[in-house]
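Taken in sequence, the protein lines are chains A and B. Take 1 as the starting number for the first sequence in my numbering and just add one per residue. Take 1001 as the starting number for the second sequence in my numbering and just add one per residue.
Just so you know, these hints were derived from the structure itself, not from any lab. Be a bit skeptical, because a hint or two may be false.
To be verified - One side only, chain B facing chain A, incomplete, derived with CB under 7 Å:
| hint | residue |
| --- | --- |
| 1 | Lys1072 |
| 2 | His1075 |
| 3 | Thr1078 |
| 4 | Lys1090 |
| 5 | Asn1094 |
| 6 | Ala1158 |
Where a beta carbon is used, it is the ideal one built from N, C-alpha and C, also for glycine.
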Amino acid sequence: MEEGDFSMTYKINLSYHLKRPTLLFIILTIIIVPILKLLNIFTTDTLIIMMSFIGYAAALNIIMGFTGYVDFGHTVFIGISGYTYVLLIWYLEPFNILQHFGSGIGALILAILAGLVSAVVAVLVGYPVLKLRGAYFAIATLGLDFAALYIVKSTVPALNPSQFMAAEIVLRRDLIVPKSMIFNAVLIAVSLTLLANYIISKSRFGIGLVAIREDEDAAEDIGVPTTKYKIIAYSLSAFFTGLIGSLMILNSGGVNEGAFHISHSIDMIVMLVIGGLGSVFGSILGGYIYYWLYDTLLVKFPGINLIILGIIVIIIVLFAPEGITGIISKYKIKNIKLRDLID
Amino acid sequence: MSSEILVVDGVTKRFGGLTAVDNVSITVREGEFVGLIGPNGAGKTTLFNCITGYYKPEEGRIFFKGREITGKPPHLTTKYGIVKTHQIVKPFKNMTVLENAMVGALFGKRKGISTGEAREISYKMLEIVGLQEKAEEYASALNLHETKMLELARALSAEPELLLLDEALAGLNPKETIDALEIIKKVKEEFKLTIIMVEHVMHAVMNIAERIIVLHYGKKIAEGTPQEIVKTPEVITAYLGEPELALKFVKRL
Chain A
1 MEEGDFSMTY
11 KINLSYHLKR
21 PTLLFIILTI
31 IIVPILKLLN
41 IFTTDTLIIM
51 MSFIGYAAAL
61 NIIMGFTGYV
71 DFGHTVFIGI
81 SGYTYVLLIW
91 YLEPFNILQH
101 FGSGIGALIL
111 AILAGLVSAV
121 VAVLVGYPVL
131 KLRGAYFAIA
141 TLGLDFAALY
151 IVKSTVPALN
161 PSQFMAAEIV
171 LRRDLIVPKS
181 MIFNAVLIAV
191 SLTLLANYII
201 SKSRFGIGLV
211 AIREDEDAAE
221 DIGVPTTKYK
231 IIAYSLSAFF
241 TGLIGSLMIL
251 NSGGVNEGAF
261 HISHSIDMIV
271 MLVIGGLGSV
281 FGSILGGYIY
291 YWLYDTLLVK
301 FPGINLIILG
311 IIVIIIVLFA
321 PEGITGIISK
331 YKIKNIKLRD
341 LID
Chain B
1001 MSSEILVVDG
1011 VTKRFGGLTA
1021 VDNVSITVRE
1031 GEFVGLIGPN
1041 GAGKTTLFNC
1051 ITGYYKPEEG
1061 RIFFKGREIT
1071 GKPPHLTTKY
1081 GIVKTHQIVK
1091 PFKNMTVLEN
1101 AMVGALFGKR
1111 KGISTGEARE
1121 ISYKMLEIVG
1131 LQEKAEEYAS
1141 ALNLHETKML
1151 ELARALSAEP
1161 ELLLLDEALA
1171 GLNPKETIDA
1181 LEIIKKVKEE
1191 FKLTIIMVEH
1201 VMHAVMNIAE
1211 RIIVLHYGKK
1221 IAEGTPQEIV
1231 KTPEVITAYL
1241 GEPELALKFV
1251 KRL
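Use the sequences and the hints to build the structure in full.
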């Protein structure tokens, strides 16, 4: 073996051999949520929404955190998958698919299909859109969101099975979807999203994405197939956003134009920035903290909750632009760099 | 007898009305050390960018080891074995020094490399350029000299056969320049590299290069050994303008 002479000769610093506990943290998160449910500390509904926040942050992290493309139109994938999902349920209703699989698996399988539709859309629009950088990409994604909304508005009323007016599709009233079933499906979907993030962050693909974020031209020059990687990252991000989004649509009992509303995109971006871009740990933390802030402010300061939330977000971005993980990773405890623990 | 590794055949690259590279043909043999010089705006970097595929030339063809690479994107030419360092350093700032080099190893010439192997290769390259102490630091913490060396280590980690150095010495102080030249000589020997170097630090190019190619306003105006080049009237006019100054320069050499 020609590279044999390199091996064993060069000892790398210890910290690289330390097992990084992010995976442990992900697993803990996945275990804690059902325990919280069993202990009735939070309602099932609260946990579903909290998990979805974490999942959205982690899904957006793939394109915005690792790859560095700020996506203001990311909610387009909630919309696309949401509509696909509700239509799938309507048209597959005769097969009684949601009941057949029990325990949330049916709901999850349909959500995966709906997520795949978003992934395909992302591949199709990704090639032209991802040629743009910085603000231009952000604007293009906004345009994509508006365009998709317009298409939905003009086509959905024609094939709306729930016979509602306009572009709102509700589920059949006799369709019983227990919260615990949605809970299971969301838990699995969010776990998959977090694990995908973890695997990406440890892979050659992930290193390539980070190189693109840091300097796209240099990355291309050193051999990273930037166009291909960006499209894969974008469609993975779209898939997981659509996966979780469609389950949340199921949770709310139907889909309407609101799924395309830019506020969802902004929520996702803010969560990720609070937690720290490019870090799985940051997605979990950001999703949770944002949910907690959102919920607490809504209860304590109804009416002005969004104003306060906005101010808090401004303060965070001003004083800790790298997010919570950015602050944490600057410190050391007994010679162990915290950066290594949360990386 | 060494064979031709790079053939640039009549390449022209225009930007709007400006012809940055005008019908340039060069041939580089395996293991050669070629200096590419010319006043600012002569088209040196543009020519490099045509070779790596960052730009697609309007006319002409480029061959690397007998294979046509005209217009092939940079990530492919890197895999074929052509790697460039940047005139304006482009480190991946929020990655550690070692991770920077690892990108080169992971996406360079070698296929199916594991992160473990990549780490070993990268670490070896950092040792060669003298950055092993800084392996765990963020690239943003490096000074210019170190960043230039990181560019070199990253390029070497990709295991190139043809290394394009775009002003690798610009901005370094005299001692750093000498050190960097030593390193460049050393890696050329060790990895049997072919090198084309764009450089403004004249005495450095004249010392190290076996052959010099001079570009001026996008055209190749001279080619030869350093000794021949400094005596070529076109080069003296293009480079130094003032004939008296030129004479002084030649005498000092």
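Each hint tested on the structure:
1. Lys1072: Since chain A brings no Cβ nearer than about 12 Å to B/Lys1072, farther than 7 Å, the hint is violated.
2. His1075: 5 Å, holds
3. Thr1078: Holds, about 4 Å.
4. Lys1090: 4 Å, holds
5. Asn1094: 6 Å, holds
6. Ala1158: 6 Å, holds
In the structure shown, a violation is registered for the earlier hint numbered 1 alone.
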